[in-house]
Amino acid sequence: MSDDGGAGEPLSGDQKREIAVWFLANAPAGEIHYVAKDVRALLGDDAAYEAAAAEAYPEYNKTQLVSLELPDRSGDIIITTYGELDRNNYLDPRTAQVATVDHVKQTCTKLRPAADEELPSGYIEEFRNAIDYEVSKYVGEAYPKGVSAVYCTNGKDVEGPGADFALAVVISAARRSPQNFCNGSWRSVWTLEFSYAFQLVEIKGKIQVGAHYFEEGNVQLDTDVDRKDSTILQSPEDTGHTVATIIRHQESEYFSSLEESYLNLSDATFKDLRRKLPVTRTLFPWHNTHAISLTRDLAKELGIGK
Amino acid sequence: MEPAMDLMRRMPPGSTETALNALLSLLPDHSLDLLSQVDLPLQVCMDKENNKEYILCEYNRDADSYRSPWSNIYEPPLEDGTVPSEEMRNLEVEANEVFSVYRDQYYEGGISSVYIWEDEDESFIACFLIKKDGQGKRGYMQIGSWDAIHVIQVGPEEEGAAHYCLNSTVMLSLTTDNKQSGTFNLSGSIRRQMSMTLAVADGHLVNMGKMIEEMEGKLRNSLDQVYFGKTREMVCTLRPSPEVLSMRVPDS
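Heads up: the sequence lines are chains A and B, in that order.
Counting in UniProt numbering, the first sequence runs from 1 upward without gaps.
Counting in UniProt numbering, the second sequence runs from 1 upward without gaps.
Hints were generated in silico from the structure; no laboratory data involved.
Pairs of lysine-lysine residues, derived as DSBU-like cross-links and limited to a Cα-Cα distance of at most 35 Å, are as follows:
| id | chain 1 | residue 1 | chain 2 | residue 2 |
| --- | --- | --- | --- | --- |
| 1 | A | K271 | B | K218 |
| 2 | A | K145 | A | K110 |
| 3 | B | K52 | A | K271 |
| 4 | A | K137 | A | K204 |
| 5 | B | K179 | A | K156 |
| 6 | A | K276 | B | K218 |
| 7 | A | K137 | B | K179 |
Note that this is a predicted model, so its numbers are computed, not measured.
Extracted from the complex, chain A is given alone in its bound form:
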């Protein structure tokens, strides 16, 4: 954002909007509404606020992989660029429906069946569906509040073996516990590149975990990692099974490494900054500090060192 230290100069509506966008975009998982309320009160300029919200909310919802309940309660839709048809319309590949989204209210307002050209070919759909089935089974087991979706990101019109295509698996789990001053989210995106020539599926994942605790303070965990794996191209069912197994393995390995980071933190990392007790293992001898000063005075008098 612009840094015009022009103190005294009242901010223009545009500058206010820019500041508001920055605050909204930096809201921790599940907290954008609270941030919005504060920002709105601080701006005192509803037009600038509305403009900022219209700009920041869609980006925030997509970055945070916010999930919204479908109007017919048939499930949740994840807000992600992979399913984005236009600004307010998102594809839910599992139910083959398109939901109209109110970004600022974070709700779905309308639902319609997806048109044929918005959906992948039958051949791709077999793979997509098989992976979706296995991954959602895994997500249901591993994440109490998790949702997942599988999108075709390339080659959706491929009609049969012989051409490359790509899918993306999106997993999102969020917890909001404002009464306990705590919120958090787990997001992972796995891209699957199906190569016909090599009979191979290249798997690349990015996992991001965030947590915020703010009772009488503000402490945030922010992690991310890139992972890679691959498997041979098999039938849709077998591919679905293998891909879900790989994701499960990668994610539980990452979860263990987070646990390990926390253990190291208390035992070692934190100690590198400040020890619990001095090297002497006793509290600092404040009563003897006169001695320290005396030594110094003495040293000064005798002209020893500094």
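With the hints as your guide, set chain B onto chain A.
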């Protein structure tokens, strides 16, 4: 001010400065309040005469210069920069000396500075600062920083005792980074207050030092057990470990 302070406890701790600047431009009339209630990571400067670093804060600033606690001289040089009274300066010199030893015992490195000023009615204010950053000698940490600010108001001496009011902030950031576990960053700040009336027989420095030591212990413990513990708990709520899941099965 209320929405501003609520925002400050939600924004990423690493972006405190940007957030504060944004608030300052939105609320120019509250700049004093904001600057006193929002703490920023500490900056340091080199005392060339003593070849020793010192920490910058509002308590050693005059115009755009900062006074070194080691030489009592402003940098950049300031002709008529305000300095503490002789009595306060003596206490300041001693406090810096002793606090350096304290800092070295707990932090095994880092920089510390103490600034002391007389306040109204025979009371005074002492500001103890510690900055520690770097990789850490144990090698687990790639980037880490700990900034502590302790401001103590010491009331006038009455019947051999004085009232001490301590306001402390610790700002902390820990990052580990490796191929297997990626980037792991935990950061944040907490602020606490502590008041005591203590006998001055042993001198102000002993009393202030003990309060700071107790406070730093509490803050470190809170960060370690409560704050880090809570974020860890959150991660385990998002994705319970397999043992927890299998234990839950009979209930569902």
